[in-house]
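Novice: Using the hints, position chain Z against chain P.
Residue numbers (the working numbering), protein chains in the order written: chain P, 6 to 242; chain Z, 24 to 426.
Warning: the hint list may mix true and false statements.
What the hints assert, rightly or not - Subject to a maximum C-alpha distance of 20 Å in a straight line, what follows is the list of computed DMTMM-like cross-link-like pairs (lysine to aspartate or glutamate): (1) K416/Z / E86/P; (2) K416/Z / D70/P; (3) K413/Z / D70/P; (4) K40/Z / E151/P; (5) K413/Z / E89/P; (6) K416/Z / E89/P; (7) K416/Z / E91/P; (8) K416/Z / D85/P; (9) K40/Z / E132/P.
Keep in mind that the hints were calculated from the coordinates and are not lab data.
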Amino acid sequence: MDAMTADKGAFFRMEKINKYYQMGEEQAHILKDIDLSIDEGEYLSVLGPSGSGKSTLMNIIGCLDVPTSGQYTLRGRSVDELTEAELARLRSAEIGFVFQNSQLLPRLTAQKNVELPLIYAGVGPRERRRRARELLERVGLSDRMEHLPNQLSGGQQQRVAIARALAGNPTLLLADEPTGALDQKTGKQVMALFKALNDEGRTIIMITHDMNIAKNARRVVHIIDGELTEGGGTNDA
Amino acid sequence: MLRSIRSTFIMIGECFKMSLANILGNRARSFLTVLGILIGVAAVIALITTVNGFSGSLSSSFSSMGAGTLTVTVSGSDLKSGMTTADLDELTELDAVEGVTPSVSMNARVSRGGSYETGISVSGKNAYYFRQNEDLLTRGRALNITDEESMTFVCIISPDMVEEFFYGVDPIGESLYIDGIPFLVVGLMSEDGDSSIAGMMNGSPDILVPYTTAMKMNNTNVVTSFTAYLADGWNSETGAEALEAKLDGMFSYEDDCYEIMDMSSIEDTMQSMLSMVSALLAGIASIALVVGGIGIMNMMLTTVTERTVEIGLKKALGAIPWQIQMQFLIESFLLSIIGGAAGIALGLLLSLILSKVMGTSFVISTFAIALGAGFSAAVGIIFGWAPARKASKLNPIDALRSA
Numbered sequence: 006m007d008a009m010t011a012d013k014g015a016f017f018r019m020e021k022i023n024k025y026y027q028m029g030e031e032q033a034h035i036l037k038d039i040d041l042s043i044d045e046g047e048y049l050s051v052l053g054p055s056g057s058g059k060s061t062l063m064n065i066i067g068c069l070d071v072p073t074s075g076q077y078t079l080r081g082r083s084v085d086e087l088t089e090a091e092l093a094r095l096r097s098a099e100i101g102f103v104f105q106n107s108q109l110l111p112r113l114t115a116q117k118n119v120e121l122p123l124i125y126a127g128v129g130p131r132e133r134r135r136r137a138r139e140l141l142e143r144v145g146l147s148d149r150m151e152h153l154p155n156q157l158s159g160g161q162q163q164r165v166a167i168a169r170a171l172a173g174n175p176t177l178l179l180a181d182e183p184t185g186a187l188d189q190k191t192g193k194q195v196m197a198l199f200k201a202l203n204d205e206g207r208t209i210i211m212i213t214h215d216m217n218i219a220k221n222a223r224r225v226v227h228i229i230d231g232e233l234t235e236g237g238g239t240n241d242a
Numbered sequence: 024m025l026r027s028i029r030s031t032f033i034m035i036g037e038c039f040k041m042s043l044a045n046i047l048g049n050r051a052r053s054f055l056t057v058l059g060i061l062i063g064v065a066a067v068i069a070l071i072t073t074v075n076g077f078s079g080s081l082s083s084s085f086s087s088m089g090a091g092t093l094t095v096t097v098s099g100s101d102l103k104s105g106m107t108t109a110d111l112d113e114l115t116e117l118d119a120v121e122g123v124t125p126s127v128s129m130n131a132r133v134s135r136g137g138s139y140e141t142g143i144s145v146s147g148k149n150a151y152y153f154r155q156n157e158d159l160l161t162r163g164r165a166l167n168i169t170d171e172e173s174m175t176f177v178c179i180i181s182p183d184m185v186e187e188f189f190y191g192v193d194p195i196g197e198s199l200y201i202d203g204i205p206f207l208v209v210g211l212m213s214e215d216g217d218s219s220i221a222g223m224m225n226g227s228p229d230i231l232v233p234y235t236t237a238m239k240m241n242n243t244n245v246v247t248s249f250t251a252y253l254a255d256g257w258n259s260e261t262g263a264e265a266l267e268a269k270l271d272g273m274f275s276y277e278d279d280c281y282e283i284m285d286m287s288s289i290e291d292t293m294q295s296m297l298s299m300v301s302a303l304l305a306g307i308a309s310i311a312l313v314v315g316g317i318g319i320m321n322m323m324l325t326t327v328t329e330r331t332v333e334i335g336l337k338k339a340l341g342a343i344p345w346q347i348q349m350q351f352l353i354e355s356f357l358l359s360i361i362g363g364a365a366g367i368a369l370g371l372l373l374s375l376i377l378s379k380v381m382g383t384s385f386v387i388s389t390f391a392i393a394l395g396a397g398f399s400a401a402v403g404i405i406f407g408w409a410p411a412r413k414a415s416k417l418n419p420i421d422a423l424r425s426a
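Chain Z extracted, bound-state conformation:
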C-alpha cells in the first residue's frame, strides 16, 4: 500500500516535469492557448478588485461625511408647505439635534460687466453649514449669523465662477449680479466644493448665499430641504425617531409630508447596486473563461492526436490507462493554471492602474485571487478531462502503427 502510494507520487511528479517540458517546448502555441484563460481571469480580477476598492472608498467617504447626519426633504401639507426659520430653530432645540443647515436651491442668471451666464446653481446656506464644512472656504469669510438675520446680499463663489467672471481680478470685494441683484463676493470655495452628501447628490452649487436671502429671492418663506446634524450619542436611528416625533407634530400628524434619509440607507442602496453591477460584469467576464477553456480543450485534443505514437509507446512500456490520463490532465491543468497566474498578475496590475486613475483605494482581494486560481484550475481539469480520457483509451497498436 505504502509502496503504491509512493510510486503514484513518483509518477505524478514525473508527469508534472514532462508536462512542463511539453508546454515550454511549444511556447508560442502554449501562450496562444492560455490567452483566453489569461484574459478571462485578468478581467474577473480587475473587476472585483476595482469594484471592491471603489466600494471601500465609497464607504469611507460616506462615513467621513455622512456620519451623524440626516437629510430631510419636505413636501409639506396643504396647511404647511415647508419649514419656516422658526421651525428650524425649534428643531435645533431638540436634544438629538446639534444643528441644522437648510438648503435653498435656485438656478439664476449671473452677470458681471459684459459677460453673463444662465442656469448657474445658487444655494442658500447658513452659518452653521460653514462650521460643519471647515475645508469649504479657501479665502475670505464664511456666512455668519448677521448675514442670515439681515438677509445680506453677499456670496461665496466656486473656482469656476472665479474663472468665468474674474479673470485676472481678485474677486473678493467685487460684486456679481445674481438675477440682476448685486451681491458682494466675500469668500472663495475650494476646488472640491460641497463634499456633504446633499452637495454630492445635488451637484455642487457654484454660488452660496445666505439662505434667508435665497428664500426671499425665491419668493417663499419656507425651506423644503435641510440637513440635521445629530448630537453626540445619537445614531441615525434614534436621531431619526426624535426628529420624526417633532416633525409629525409640526405637520399635524399628516402622512407623507416629509422624508428622512440617513447615510447608511443611501450607502446600503449604493453598495447593493454596486455588487449587482460587479456580479453582472464578472458574469460576463467569466464567459471569457469558458471560451478559454474551450481553447485549452481544442489544444489538448490536437496534442493527443499529434502524440498518438508517444501514447502508444508509453502504453507498450507499461503505462496503465490511468497514468496516461493523469499525464494529459496534469498538462491541461498546468496550462490553465499558468494562464490563470498570469491573468491574476495582469488583473492586479490593471486594477492598480485603474485605482490610480479613478482615485479609489487599491485593496488586493484574496477572494478574487482565490476565485481566479480556482476557476482556472477547474477549467483546466474540466476541459482537459475529455482529451485526457481520449488519450487513455487509445489502442496502443493503432497508436504505434500510425508512426
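Same shape as in the complex, but just chain P:
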C-alpha cells in the first residue's frame, strides 16, 4: 500500500535497468542503465534500429522478461519480485500486446481470437462474447466477427489483434512494430486507431524502427546500442 502511494503519479517507472545476455563466450550488454517513466495516458514511442535492444526493452516492459539489474515498477508493484504466475496475472490485467505479425490463432474466428485473453482471465462465455463483439465493432470489423484469420486482409488481422490486446481492458497497450507488415495506407489506419485510443485515455507504448511511424506518438525516445535518449519532440504538440 505504501509503495502505491509513494509511486503515485508515475504509473510506470524504470530505474537503472540493465540486461545482459550470454552469447556463447561473450556477455552481451543489451540494455545499459535505462531510466524511463511514464504517466497514465501517455503515448510514447521507442525508436531504434534493429539490434539496438528495443525488443528486449519491450519484453521487459511487457513483463515477459526480467532485467538483470535495476528496478521496474508497474502500478507500484516491483516486477522483479513476482513469480511467473504473478507476472502472467499482471500481463493479463495491465498489458495488451500487439505484435508485428498479428499472431492470431489460425483455427479460431476473429471473435474467438479476441476472447482468448478473457479465457485465461476466467471471464464467462456470455461476457466474453459481448466484450469481443464490442471491441471488434470499435476497430471497425463488425462484419468480420465470424471470419477466420486467413479470410482477413493484413490490416484487418492487425485490427483484430488490437481488439484482442484491448480485451482485458489493460491500462497499457504495448505494440511492437504494429505496422511492420502493413502497407502504408493500412498502416495509417492503424495509427489513426492508436491515436483515437490514446485520446480516450489509453496509455500506449509503441516500439518501431521507422521515424515516420514513431512521430505519431506524443513522446519519442531513441534507443541506440542499449542506451536511451529522450527525443522530446512530438508532431502535434
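Specialist: Below, chain Z without anything else, positioned relative to chain P:
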C-alpha cells in the same frame, strides 16, 4: 475463492473445446496417433469379454452335466484289480448313490462289407447311462437290463459311423463287425454324442455296447472307471465321503486304489487355468497400450514444438504456466480417451463376433470397459505429462521469436 473456482472451470471448459478443435482439425494425424491405444484397448476388451463368456459357458455346461456326479477311476490293489458287476450293484445300494454307470473303453477294428477302420473307440455302458442322457439317442432303442445281463452283441453308433459304413442304408437292424464279432445296430447317437464329463474328457466314443459285453471282449471281469450319480440331498462332498467309506472297505483299506473326481474340482482347475491364460494374454495386450502411449507422447511433443508460437502468444496474453500445461494435458487425455472409446467399441464388436463363432455366451463385462477407459485415461495423462510440462516451461520470448 468461489470466483477462482468458477474461472478455473471456465478455463478447463475452453481447453476441452480448443483441444477437440485441434484433434478434429488434424483428423488423419489424430487417428494414426490413437491407433495404438485403440488396438491395445480393443485387444484387452476382446480378450476379457471372450474369456469371461467362455468361462461362463464352461460353468453353465459343467453345472448342467456335472451336478451331482462323481467320476471314479480305479487303479486297484494286488488283491482286487477293479470293480466287479456285483461291486457296482453294491454301490448302487448306498443311500448317497442313485445309480452307477460303468465305462469300459477299448479301441477296435470295425468293418462291414469291404470297408474297415481301425482304432475306433468303443465304450461299454449300461442301461442307467441312457436314462441319465436322454438326448443321446436319436433313433432306435437304448441299451437295457437284458443287454447287460446277457451280454448281447448289440451296439449304438455315432453319425460318423453311419456315414462311414452305412452310406445310403438304414443302419438299424444291420450288422457291424467289431474286432471280427458281428454286432446288431439297434440305435443311433445324436451329433453331440456323449455330453457327460467323462465323455468330454475321453472324447466321445463312436460305438456304445453293453459294458458286460465290452468286459468280455477285453478279457476282464472288472470295471476300472465309472460315474456315480448322487441321490437328492447329497452334494459332491458328502457323496464322496459316503462313496469313499464304501470303496475303502472294498479295497481292504489300502491306499491309492482309486481316485474320486468331482465336477467342481475339475471346474475350479479349468477356471483357474483360464484366468491365468487370460491374465497372461491381457498382459501381452497391454504392451500395445504402452506403445500407444508412447505414440501419443511423440505426437504431443511434436505438437508442442509446432505450436511454440501459439504457446508464447497465450503466455503473453496472460496464460499462466499451469493453464498451458492443463491445455496440453487435456488434449492428450482427450486423444487417448477417444482412442479408448473406439477401442472399447471395437473390442466389444470383436468379442461379439468371437462369441458367435465359438458358440459361447456374450456377456458385456463392465469391469473390462472400466479397465479400458481407465487405462486409456491414465495413458493419456501419464504420457501427456512430460510434453505438457515442456509446453508450460517455454519461455514466451523465445516462443514468439521463432515466428
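Novice: Evaluate each hint against the coordinates.
Specialist: Against the structure, the hints:
Of the pairs offered as hints, the one joining K416/Z and E86/P holds, with about 19 Å between alpha carbons and a cut-off of 20 Å not exceeded. The hinted pair formed by K416/Z and D70/P meets the criterion: a straight-line CA distance of about 14 Å does not exceed 20 Å. Restraint check: the Cα-Cα separation between K413/Z and D70/P comes to about 18 Å, which is no more than 20 Å; the hinted pair holds. Of the pairs offered as hints, the one joining K40/Z and E151/P holds, with about 17 Å between alpha carbons and a cut-off of 20 Å not exceeded.
Simply put, K413/Z and E89/P have alpha-carbon atoms about 15 Å apart, close enough for the 20 Å limit, and the pair holds. Distance check on the hinted pair: K416/Z and E89/P sit about 10 Å apart at the alpha-carbon level, within 20 Å; holds. As the CA atoms of K416/Z and E91/P are separated by approximately 15 Å, the hinted pair is consistent with the 20 Å bound. About 18 Å separates the Cα atoms of K416/Z and D85/P, which keeps this hinted pair within 20 Å; it holds.
For the suggested pair K40/Z and E132/P, the alpha carbons sit about 18 Å apart, so the restraint of at most 20 Å is met.
Figure legend: structure checked against the earlier numbered hints; every hint is met.
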